[in-house]
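J.: Chains as they are written, first to last, in numbering that gives the first Met the number 0: chain A, 0 to 138; chain B, 0 to 135.
By construction, these hints were calculated from the structure, which means they are not laboratory data. Accuracy of the hints is not assured; some may be wrong.
As the list claims (entries may be wrong) - Stretch-level coverage of chain B by chain A, calculated; a stretch enters the list once three of its residues show a Cβ under 8 Å from a Cβ in chain A:
no., segment
1, 46-55
2, 108-114
To be verified - Looking from chain B toward chain A, a few residues come up when the C-beta cut is under 10 Å (computed):
no., residue
3, 12
4, 19
5, 61
Positions of the beta carbon are idealized from the N, C-alpha and C atoms, including for glycine.
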Amino acid sequence: MRFMMLMIPRGYETAAPGTMPPAEAVAAMMKYNEALKEAGVLITLDGLHPPSMGTRVSFEGGKPVVTDGPFTESKEVLGGYWMIDVKSKDEAIAWAKRCPASSNEIIEIRQVQEMSDFPPDVQKAAAGFAELQRGPAAR
Amino acid sequence: MRFMVKADKNSEAGIMPGTELLTAMGKFNEEMVKAGVMLAGEGLHPTSKGARIKYSGKERTVTNGPFNATGDLVSGFWLIQTKSREEAIEWMKRAPFDAGSEIEIRQVFDAEDFGEALTPELREQEGRLRSRAAKK
């Protein structure tokens, strides 16, 4: 089962453009990342620049409307994510507990939708999705 | 530049997307793949099946979903590679979404962004980690 561990750092919603994590935090996190890799559960991971450097596209009324960050109404924003492959949600939770996160941070665990989760008609409509994903990864 | 695009659609009720939307989405994904823009894309099960972990020193608190930070929840994402933020925005304006949907575009950190904080040792470790993870 694939799970996303979504890192939600409180306060990141107001972080200035160009804000970087401190070197010690990065070093501690790299040790954790290495442990995920050694256990063979890590698929991919990324960190995100603060939302003050981001943009939102909303589709209210059917037309795209572009709004630049920061997004002052947001209480929670993403700081990054891991994608892991484990046997159960409990195993995902056990991994998240080991993360050297600080008290302002939350990790949300969400299961990735696999093709087999969809009913047959939907699977048919989404045929070729796996190939789409494989294509770019092979580049 | 890599960008993560967070989809923020109201999928919390656990209603799966219909054939029509999936067909439109498939077409959109195919265009991004053909243009060499799309690196990955996934949908997530609703938060009712998820969990949250809070941290305080060595203590960890686990809370099961659903979570009600309605406007801030994630329902899926794309990872795309474009030359600029503007190009990323132009792509996402073409997403086959309708009223009530919102997507957020965020630039992914690259090793260069960290400057000297990412020592040569950490950089090497990071590179090894990625190449090993990609081989899975």
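J.: Which hints, by number, does the structure contradict?
T.: 3
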